[in-house]
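Generate coordinates for the entire structure from the input sequences, incorporating the hints supplied.
Protein chains: 2
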Amino acid sequence: MWLSRIARCALPGRMQRGSTAVASWRPSQSGRPERPAAPTPPCPAALQFRGERTMAAAAAAALPITRLQLRQARALVEERLVEVEWEDGYKSLYPFTWLRDNCQCPRCTLQSAKSRSLLIADLDIHTGIHTVQVNDNSKISVAWPDRHVSEFESEWLRKRCFSSDARREMQKELYMDERNYWDSKLCLPTANFEEVLHDDKAALAWLMDLRRFGIVYLRGAPLEPGQVARLSQRIGYLRHTFYGPTWQVQDKPQANNVAYTSGTLSLHTDYPAFHNPPGVQFLHCLRTAHEGGESEAVDGFHMAELLRREDPEAFQTLASLKVDYTNTGADYCDYKVQSKNHIINVDSEGQVCRINYNNATRDSVLNVPLGEVQLFYEALKSFVNIMSRPENVLTYLMEPGHLVTFDNCRVLHGRRTYVNKGEKVRHLEGCYLDWDEAMSRLRILRESVGGDKP
Amino acid sequence: MWLSRIARCALPGRMQRGSTAVASWRPSQSGRPERPAAPTPPCPAALQFRGERTMAAAAAAALPITRLQLRQARALVEERLVEVEWEDGYKSLYPFTWLRDNCQCPRCTLQSAKSRSLLIADLDIHTGIHTVQVNDNSKISVAWPDRHVSEFESEWLRKRCFSSDARREMQKELYMDERNYWDSKLCLPTANFEEVLHDDKAALAWLMDLRRFGIVYLRGAPLEPGQVARLSQRIGYLRHTFYGPTWQVQDKPQANNVAYTSGTLSLHTDYPAFHNPPGVQFLHCLRTAHEGGESEAVDGFHMAELLRREDPEAFQTLASLKVDYTNTGADYCDYKVQSKNHIINVDSEGQVCRINYNNATRDSVLNVPLGEVQLFYEALKSFVNIMSRPENVLTYLMEPGHLVTFDNCRVLHGRRTYVNKGEKVRHLEGCYLDWDEAMSRLRILRESVGGDKP
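Quick mapping for you: the protein sequence lines, in order, are chains A and B.
Under numbering that gives the first Met the number 0, the residue at position 228 of the first sequence is numbered 227, and the numbers go up by one with no gaps.
Under numbering that gives the first Met the number 0, the residue at position 288 of the second sequence is numbered 287, and the numbers go up by one with no gaps.
Hints listed in this document are in silico derivations from the structure and should not be mistaken for laboratory results.
Bear in mind that the values here come from a model prediction, so they are computed numbers and not experimental data.
It is possible that some hints are incorrect.
Computed list of lysine-lysine pairs in DSSO-like fashion (alpha-carbon distance at most 27 Å, straight line) [stated by the list, open to error]:
1) B:K113 / A:K113
2) B:K113 / A:K158
3) B:K380 / A:K113
4) B:K138 / B:K113
5) A:K138 / A:K184
Here you go:
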């Protein structure tokens, strides 16, 4: 089973060497994470959960439902529902149309692709039912008026019960959308690079924490380029962009990106000039600067919620107004990218689901009526002020062989100015992935390590 | 300048050989496009425009604004606005804060990256102004209270005027969001594959029509794999998925996708099991079947608008309810993909902006209250019925060397069942791209071919 993050966070905030689980690390502001002067005090639990459930509930939701036996099934002809009664006395209702649509037989489902082959054109959405019966207490069998027969297994059926509780649990299991919010006091989850590459439990713990906290720090990566690509292959494949498959963060002459200078990088997400910015980012430190270059990170979802509480009008402005972003230049090839994105993206349930903010590529084109321009700047300033408070900003200094992985939909990252000297020339290598791919690997690992089966 | 699609569409519906412009072709239902039995009658103009403008207006919007001279500029101190008067007497207003934010000097803008280096932390959003003056009738110069000076060129400034007309024109120019809706009578825009690869005007015409119609048919591609990858390089790079960088559509044993069989593929968009499905799809025909295998396509935006008109409740259901999609298997690597998407995606202005629909990967998990399940099926059936009407479906038979390019956000495609025999073994090669990349190339080509400069 997965380790409880809360339990682990109560341990001293250092990496648990030799453990395959993701550990936690509280970085010092001075950037000396390897040799803490004194034992780090226990890390406080993360600030709050988004979503109502506790960790215990989360663990329960992820458990396969006990193989419940069926007691009986009958058709409610008038309502066009099949009522299934389970051995624990609970009753579930399934619409005729849904059952016919999801017939699992080889004519209706292409088994090798786990895909529906029954066409909507061939689905009678007003079908009646001929008979329904329970077979061996473990499946129900439905005969349709045309004598086609569908069988449904009890576990499969129970997980697809239409009660609001069952639906909620299924959604949690499929999308793992719970988040732990954090601030500067975060015990940064850490893991060992090679363990993540070679041990499924370590990889699962890494991705679980990446999903939940939005940031995980890896150590022990080889001191040569190519490691972010190796890590991306652990998931599947990386996401190519105009900066190439991977890219080198260095101070470059005629830089085509503000990141390729030695100046301050204010807190930002990468690539809001895409309508679909990359979901996950890896940054691997190959060399540090002579001085400076500390990394900064904030929990954008948490910051947006603080803004919603402290300055609701500003939140509303940034969640409703689409800002133009622009990115023109040449790298892997020439590009002229342009997007419109909300700085704070809110889903249909009102949850903050993405931050799109990079002041460098925010366009001079501002598609806002004249009278609303100042309101926009006030809202943006308010948001930036909140995310810049020292108590919200996690600061750390990457060292060669360290690799940070973070959720680019959620975590804003930045960098302090730096000075190169002699061989102390700062060099990071980075790459992107998307969440669909990362979540796919997470589900597969959860199943292979934990035995879960949604 | 770009050819007017309307003008071209009035020509006989055959490919204009030797022309670098995209031509049009009306395919026959019997799938013999190369040798029409009789001259094809003139194609009707596309059904309707989305958006209010005419083609003439579109051409005008894309033209650079005449280099207008400045007559005078003054600060309205109370309103914190700079008023600029142009030689045509028109007046534009620019907020102090916006002007300061968009200072183009080398301290505030990293010129090599065309990006803002001024930080929000350093932007005084309540700044006053010291002086404003016109220089040489071609730029205004603003001195700020701290004596920092910003200069703005007239053309740059005029295009960023905050009037609603100017903002609308700028948005049209940047995003080219106008669409021509179509049905089975579409004169399918066509082009020559090698011309698109090697001639900028042909490539521009191809991408303009791909944007506007959502589908363009190319001929003359070599009869060997690798052509979809070559075409993707014309834009930039392709989008990798779990099916690999490119993929082979063939009848395969133990198919991991319904497309890899010889059965009917009902109208669908690809990969709604991703939260961000690929935006553009290329399919290159290498070999045809002995019998059958005709391709089908419908204009999903047009179909959604028909649904909105004919069955508003169904439209509302499909636009508000998120449907689960699932895709599990192994190809480039193993995958377990899961998403929630609206079948009809509507943007904040109420415009249909994406169709996400594939009946094969629509999940048996349906996160809908019991009482709404039947409504969902009725809505889906209503939508599928509309898109399946013969008058809406464009049907064509691909031949070796033909390559179809289409907008996977908008066009639903399908395939009729087929029979292989001897060497007549159907084989298509496909790949994906995203619209951000395709639009980037479109903007670059528009500038290099047409001399436009947003």
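Hint by hint, here is what the structure shows:
| no. | hint | result |
| --- | --- | --- |
| 1 | B:K113 / A:K113 | violated, 48 Å |
| 2 | B:K113 / A:K158 | violated, 53 Å |
| 3 | B:K380 / A:K113 | holds, 22 Å |
| 4 | B:K138 / B:K113 | holds, 19 Å |
| 5 | A:K138 / A:K184 | violated, 51 Å |
Of the hints listed earlier, those the structure fails to meet are numbers 1, 2 and 5, in rising order.
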